[in-house]
Amino acid sequence: MRIAALKERASGEARVAVTPETIKKFKALGASVAVELGAGERASISDTAYEEAGAELGLAAEVVQGAGIVLGVQAPDPALIAPAAPGAMVAALFDPFEAGEGRGRERVAGYAAAGLEALAMELMPRITRAQSMDVLSSQSNLAGYKAVLAAANQYGRAFPMMMTAAGTISAARLFVMGVGVAGLQAIATARRLGAQVSATDVRSATKEQILSLGAKPIFVETVAGIEGEGAGGYATEMSEEYQRAQAELVSGHIAKQDLVITTALIPGRAAPRLVSDAQIATMRPGSVIFDLAVAQGGNVEGSIPDQIVERHGVFVMGYSNTPGQLAADASALFARNLYNFLSAFWDQEQGRPVLDEEIGSAVRLTKGGAVVHERLRAAPG
Numbered sequence: 001m002r003i004a005a006l007k008e009r010a011s012g013e014a015r016v017a018v019t020p021e022t023i024k025k026f027k028a029l030g031a032s033v034a035v036e037l038g039a040g041e042r043a044s045i046s047d048t049a050y051e052e053a054g055a056e057l058g059l060a061a062e063v064v065q066g067a068g069i070v071l072g073v074q075a076p077d078p079a080l081i082a083p084a085a086p087g088a089m090v091a092a093l094f095d096p097f098e099a100g101e102g103r104g105r106e107r108v109a110g111y112a113a114a115g116l117e118a119l120a121m122e123l124m125p126r127i128t129r130a131q132s133m134d135v136l137s138s139q140s141n142l143a144g145y146k147a148v149l150a151a152a153n154q155y156g157r158a159f160p161m162m163m164t165a166a167g168t169i170s171a172a173r174l175f176v177m178g179v180g181v182a183g184l185q186a187i188a189t190a191r192r193l194g195a196q197v198s199a200t201d202v203r204s205a206t207k208e209q210i211l212s213l214g215a216k217p218i219f220v221e222t223v224a225g226i227e228g229e230g231a232g233g234y235a236t237e238m239s240e241e242y243q244r245a246q247a248e249l250v251s252g253h254i255a256k257q258d259l260v261i262t263t264a265l266i267p268g269r270a271a272p273r274l275v276s277d278a279q280i281a282t283m284r285p286g287s288v289i290f291d292l293a294v295a296q297g298g299n300v301e302g303s304i305p306d307q308i309v310e311r312h313g314v315f316v317m318g319y320s321n322t323p324g325q326l327a328a329d330a331s332a333l334f335a336r337n338l339y340n341f342l343s344a345f346w347d348q349e350q351g352r353p354v355l356d357e358e359i360g361s362a363v364r365l366t367k368g369g370a371v372v373h374e375r376l377r378a379a380p381g
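363 is the number that our numbering gives to position 363 of the sequence shown; each next residue is one higher, with no gaps.
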C-alpha cells in the first residue's frame, strides 16, 4: 500500500498530515510513504527529516501516482490526486456541509465523480474507542490554549493579581462561553496565567468540569429540563425559552468581564450567535473578546477572521485557523490521529485498512462513484 501526503494548498494552512514519527509507524505496517517536497516546511519539518524517516520525496503528481491512501489536513482538490489508484481512500477535513464554489458539498461531489473514497475526519464519532482518532478534539485542545494566549497578548493589562509596594493589581476576569474541549483548555490556561475565570455552557453536565478546573460556573437555573446535549456529547440548538434566559444571564455577567473566549459550534451548522453588539458595548474599554468560531460565521457580532476589530472600545478578534497558529504541535497530533485511525483497521493480509460499519459509515462520504453519507444524501441540494 502506497500512502501519499501533499503540501497543503488552502490559504493560511500551515499544518501537515504526516510527520517523521508516523511515517516510521506506517512503514512498520508494511506500507510505503511518499511526501511532496516542502510539505512540512511551515510546520518546522524539513524534507531531510522525512527522508531520514524513510519517506520518498517528489512533486505532487509523482507522490500521488498509484497511491491507495492520500492523507491531508484540508481535503485536496480531486484533480490534484487524479493519478492515485482507482478507489483510493482520502482521509482529511472536508467540511462537507459547507456550500460554495469548490468547497464543501461541491468538493464531495467531485470526489464521488472521481471514484475516490472520501473519509471526513471531522465526522469521527465521539465514542471511547475513537478518542485517539478524534482530530476535532486534538486540534480544539490547542485552539483553546492559543485563544487565551492571543487574547492575553492583546489585553493591555496583567492576568494575575499582583501585590506590589506601589499597590495591588486586580486579577483579570475571563469568561469562557462553551465548555467543550477548547473551552476546558481555555479555562485551564487562563487559570494557570492567574485570571479569575468563569464559564458557561448549554450542557448542564459541564458544571462539574468547570468546578474541577477551579472556575465559577454560570448557568441558567430558572429553565428546568433542558440539557442541551445531543448524540456523541455535541451541543444541540436550544429552545427559545432557554436562549432568552441565557441571554439575560450572560448580559449581566459579560458586562463585568475583562476578557471573553467564545467556543460554541454545532456540527454541520453555522456557529450560534452568543455575544451581540449591545453586550459588547457594556464591557469596559480595552476588554478583549476572542471568537474561536469566527471562521464558521462567528459567535460574536461583528467578528472578522484574522482581524482585530474595535467595537465600543472593545477588541474583537479570532483566527480563521487557530490550531494552525501552532503548526508543529497541531501537525504532530493530527498525524497521530490519522495513524491511529488507519492502523486500528489495518488488515495485514490485504495490506490496507478495512473499516467497520460503526466508524466507516460515520466518516465515509463517497465510495464507488456515489455520495454515500446519509446526512449528505438527505441534505437539500
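Since the hints were derived computationally from the structure, they do not count as laboratory data. We put the beta carbon where it would ideally sit given N, CA and C, even for glycine. A couple of the hints might just be wrong.
The following label-pair restraints were derived from C-beta to C-beta distances [what the hints assert, rightly or not]: (1) Asp306 with Glu374: 44 to 52 Å; (2) Gly214 with Arg273: 25 to 33 Å; (3) Ala328 with Ser11: 14 to 22 Å; (4) Asp306 with Glu41: 18 to 26 Å; (5) Ile266 with Gly351: 35 to 43 Å.
Against the structure, the hints:
1. Asp306 with Glu374: 44 to 52 Å: With Cβ atoms ~35 Å apart, the hint is violated.
2. Gly214 with Arg273: 25 to 33 Å: holds, 29 Å
3. Ala328 with Ser11: 14 to 22 Å: holds, 20 Å
4. Asp306 with Glu41: 18 to 26 Å: Holds: the Cβ-Cβ distance is about 21 Å, inside 18 to 26 Å.
5. Ile266 with Gly351: 35 to 43 Å: holds, 39 Å
In summary, the structure is inconsistent with hint 1 from the numbered list given earlier, while agreeing with all the others.
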